[in-house]
Each structure stands twice: as C-alpha cells, then as structure tokens.
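> Since the structure of chain W is provided, determine the placement of chain S on it from the hints.
Next come the chains, spelled out residue by residue.
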Amino acid sequence: MFQNVLAAEQVKLLRRPLLWITLGVLGGLILFLIIGIFTFGGAGELTEFLWPYSLVTLLSIAAQPLFGGVVVVVLAGFVIAQGYTWRTLHLWLSHGVSRPVWLNATFSALLLPLLLVVVTPLLLGGIATAFFTYQLEGTLAWNQVNPGYLLLSVLLTAYALLPYATLTGLLAVVGRSPAAAMGGGIAFLFVENILAEILSFAGDIGARIMQFLPWMLGNGLLQFNQAAVDLQVAAAEDAPQLLNPGPAMLGIAAYTLLFAGLTLWLFRRQDLTG
Amino acid sequence: MSTLVLQTYNLSKQYGPIAAVDAVNLRVPQGIVSGFLGPNGAGKTTTIGMLLGLLHPTAGRIELFGEPVTPQQTRVLRRVGALVGTPGMVPHMSGRANLRLLTYLYPDVDDRRVEEVLDLVDLTHAANRPFRSYSTGMKQRLGLGAALLHRPDLLVLDEPTNGLDPAGMREMRELLRALAAAGITVFLSSHLLHEVEQVCDQITVLSRGKVMAQGTVAELLGDRQVVRVWLPAPQAAVPVLQALPGVRTVQPNGNYVDVGGISSEAVIKHLVTNDMVPSEVTCGRGDLEDIFFELTADKAA
Chain W
1 MFQNVLAAEQ VKLLRRPLLW ITLGVLGGLI LFLIIGIFTF GGAGELTEFL
51 WPYSLVTLLS IAAQPLFGGV VVVVLAGFVI AQGYTWRTLH LWLSHGVSRP
101 VWLNATFSAL LLPLLLVVVT PLLLGGIATA FFTYQLEGTL AWNQVNPGYL
151 LLSVLLTAYA LLPYATLTGL LAVVGRSPAA AMGGGIAFLF VENILAEILS
201 FAGDIGARIM QFLPWMLGNG LLQFNQAAVD LQVAAAEDAP QLLNPGPAML
251 GIAAYTLLFA GLTLWLFRRQ DLTG
Chain S
1 MSTLVLQTYN LSKQYGPIAA VDAVNLRVPQ GIVSGFLGPN GAGKTTTIGM
51 LLGLLHPTAG RIELFGEPVT PQQTRVLRRV GALVGTPGMV PHMSGRANLR
101 LLTYLYPDVD DRRVEEVLDL VDLTHAANRP FRSYSTGMKQ RLGLGAALLH
151 RPDLLVLDEP TNGLDPAGMR EMRELLRALA AAGITVFLSS HLLHEVEQVC
201 DQITVLSRGK VMAQGTVAEL LGDRQVVRVW LPAPQAAVPV LQALPGVRTV
251 QPNGNYVDVG GISSEAVIKH LVTNDMVPSE VTCGRGDLED IFFELTADKA
301 A
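So the protein sequences, as listed, match chains W and S. Following the working numbering, the numbering of the first sequence begins with 1 at its first residue and continues without gaps. Following the working numbering, the numbering of the second sequence begins with 1 at its first residue and continues without gaps.
To be clear, the hints were calculated from the coordinates, so they are not data collected in a lab. By construction, the Cβ of each residue, glycine as well, lies at the ideal position given by its N, Cα and C atoms. Take the hints with a grain of salt, since some may be wrong.
One side of the interface only, derived from the structure: several residues of chain S facing chain W at Cβ under 8 Å [as the list claims (entries may be wrong)]:
no., residue
1, Leu54
2, Thr74
3, Arg78
4, Leu101
Excised from the complex, chain W in its bound form (with noise of 0.2 Å):
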C-alpha cells in the first residue's frame, strides 16, 4: 500500500504547477546572482564562482536556509497542508489507507522536490560558471570534479535540508493550512538566523550552542562537499565554528525524526472534519 500511495502523491506533486514556479524562481535568482557576481563581482568572490569550485559553492548556497529552506518549507506547507483543505487527505483516509502511510508516503514524496531544490540551482549554476570560467580562462577543468563525490554531496545536501521539511510537516498538521505552515516554517528560518548572530557574539559557549543549530548541522556536513572537487578554497578567517560531517549527520538525522516523530503522533491522534 506504502508504493501505491507514494506513486499517486508522486503524480499529485508532478503536477503541481507551484513546484515547477518555484524551482523556476530558484533557477532565475541563481542565474541572476552569478551574472552579478561575474559582472561586478570582486577577485574574491570571483574565486567561489569559478568552475570547478562553483559546484561546491553552489551546493552550499542551495541548503541556506533562506535560499533552498525557503523553497522546501514552501513546498512542504503547500503539499501537506493542501491535503486539509482540497480534503484529499478525507478522501484518501476514507479508502482505507492508514494515516501512517499516508503521512510516510507524502514525506517521501517529498523527497523527489527536495532533490530538484539542489540539482536545479547546481545544473543552471553549474552550466552558466562553466560559461564564465571558460570566457575568462579559456578552458574548464574537468578533471578536477569528482563525479561520485560530486553525486554524494547532491544527496546530502538535500539531506541537510530534512530538518525544514519535516518541521514544515509538522506545523502543516498543527495548522492545517497553508498559510500557516509556511509562515511558521519561513519565521523559524529567520529566528534560526536571528540566533545564529547573537550566539556567535556569546563566546565559546555561544559558539557551541550555534553547532547544534539545524543550519549550521547542515553546514557541517556540507564541509564533505569539498571532496566533489580537487581544488580547495580557505575558509574565512571569521567563518563558524562547525562539526564534523559524521556527527552533523548525526545532529541531522535527530532533528528530522523528532519533528517526523512529533508530526506522526499527533496526525495519529487528530480528528479531521470540516
């Protein structure tokens, strides 16, 4: 039952014309950022848009949580809460699918949109800094990506993004609208944000709290991105302190099954009418 209902949210996705908007804006505004920064950017930041390297910068800018955490909270508000009130949700639980797997299988779908949120900006950013290198320097390094690496940073970039997703969910069964899981999913990104800044002005203790942020989890893991590429850039010198990837997984993976564990049990327990 867990397949059937996986392919038919699958299909209801696919064809949401949201999805395609969204990844649509993500895509312009990538084009429209490496335009700017080839046009009027400064050597340094030049350097993080030069292909090969651009690959890993790009990867990181898709899981900011205001770039890439935006677009999956407005996702993940729009295909959970919809399911309330277009009473797909009523329908689908009346056939007999438990709520288990529905929920299970709407998460999962969730996947798919989650990914394009990575490889969108990764493909069109990754065509047109090829473009620019090879204007500037009249070739591309090729040699210097490693395709599997490169294959694995995909996924876990999407990885990192779970947490929103999943709290997007979460506020999405609590209020049953839209509007309500996207506008408490997209203020936790800036009260995420916001906390970040005071605790990197709150010494040692402030730092290590801040480690443990879902953001910064994320830019913990996304520190094995580095491996997508043979070329290495330094880090800024006022740059945070992260975790390892291993347990920025770790930190990652218990974010993702507390919100999923906190959505599941109050889903479980919901009476739904209307």
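Leaving out everything else, chain S in the frame of chain W:
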C-alpha cells in the same frame, strides 16, 4: 436474518460539554438503502466521520462487515465507498485524472472502469476539465464516481444530493435503488425527508446526537396510522374503542371516529364483536414529515 453490514454500539462523540453523538446504536443489514435522517447539527456527519475513521469516538465501537473500525484500524474501509461533504479532489487536475489517481489504491481497477464510472455519473463530456471548474453538482457527481470506482460493498453518502438539480436528484435516487438491487448496501444521510422516504428501506432518525427512532418506513408510519370509521352512533362507540388494547387515540368527529395507533382489521373486528358495524372504514397515514417533526421538534437546535 440478513447479515449486518454496519453496526455501532453506544457510539458517542463528546466535544467538551456537548454530546455531538450520544450512544448511537445502528444496525444496517446487507443490500438495503438505509436513511440517516436528522436536522442540521443532529450529529449525522460526526457519526459518518467516525464510521470512516476520520474522527475518534469518545466511547462505543463500530463494526463494518464484522470488523472493527477506528482511526487506527481502517483496513475494512477498502470495501466502502464514501462521499462526505465536498469531494476531496485535486483542483487543478481533471475529473478523469482525479479518478485515475485513486486507481493507484486498487490494482484491479483499470482505466476502463474509470471511463465506466465517468459515464455512470454523466461526466464523460467534462472529464478533461479541471475539477475546480466544475459546478457544485458536477463535483458531487464526481465524488460519487470516486466512491463507486472500486465497486464497494457499502456506500456511505452524506447529503449526496446537495447541489443537484431536480433531474439530478431523481437520477441519484434511481442509481441508489439500482445499487441496492445489485446487492450494495447504501447508508445515506440526509435532511431531506422526501428524498429519504422515496429511496430508503430503513430509516434512523437522529436528533441532538440521539437516535429517536429506527425502523422501516412502514414501521415508523405504522403507529401513526389513523383508522376512520363511520358509525350511526359514534359517541357510543368511543368508550368501546378506548377499551381496545393498543389504541393510542380515539377522536370523535361528527359521524366519524378517528382511531389512532392500531390496524383497521383490529378496529373492525372489535366493533363487530361489540355489535357495532361500521358502514365505512378508511385508513389514513401520517407522513414521514409529521414523524420527523414530532421526534425532533423540541430537540432540534
């Protein structure tokens, strides 16, 4: 006795101090159209929500086809088709695509069945239009199609004629009768007395969450039968008729006496036994509307 398809045992749902559904016991045999009648706010939709595992009962239990149903235990609902409120469809997808989406749940239901159902609910001509462009009646018909798609054994319908025009309502009644004739049990909630009276074999009247009456239409109307007898001396017959066991009312009216709550045969036999031969006997029936208002008058909100 025929198999019971739907049974509830003291089913209750409490919202704070308000008992939306109060110890409801339903028994629906196989292959009939069972009406669930009550004014708005009587608890019909709440009861149906519990039957479909959407709401948690505060107390009591539900069995469909002998299997329990709770929000955590809904496997048996695969044998049920339901239409509750506005049908839950994806607005930007066409009617056909929405039905095809449901076929993922039923591997034995193919695209041919989707076309059959579209034809059955008279939506073939609009099958490629987005659901959001449908009129209320069309949405309701597609919802019925979704409920019938997997050939269910039990159909649960909450106010299915909402939004339908008179012709559509008549078609719906005919369809429900045909489904019942084919062995499908229909549980139909409505506040439209006429609709229920025309189509249902059994009726449950609900008011303020309580079952006020349950039985066949004939049974419910049975005690409201009024036997009108013409007698040469009606005043003399009144005490005689009042002495007849089972009589509810005896009302003289000129040369007639109206006797309520008992069959015409019993009245005639009793009068003849007492040497009073009526020269004319007619039977009148109250209608379901009378009963409905009598049962729900002081209960309805």
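> State for each hint whether it applies.
Hints, verified against the model:
1. Because the smallest distance between the Cβ of Leu54/S and any Cβ of chain W comes to about 4 Å, under 8 Å, the interface hint for this residue holds.
2. Interface restraint check: Thr74/S against chain W, minimum CB-CB distance 5 Å, threshold 8 Å, status holds.
3. Hint status for Arg78/S relative to chain W: holds, with the closest Cβ pair at about 4 Å, below 8 Å.
4. The restraint placing Leu101/S at the interface with chain W holds, with a minimum CB-CB distance near 5 Å, inside the 8 Å limit.
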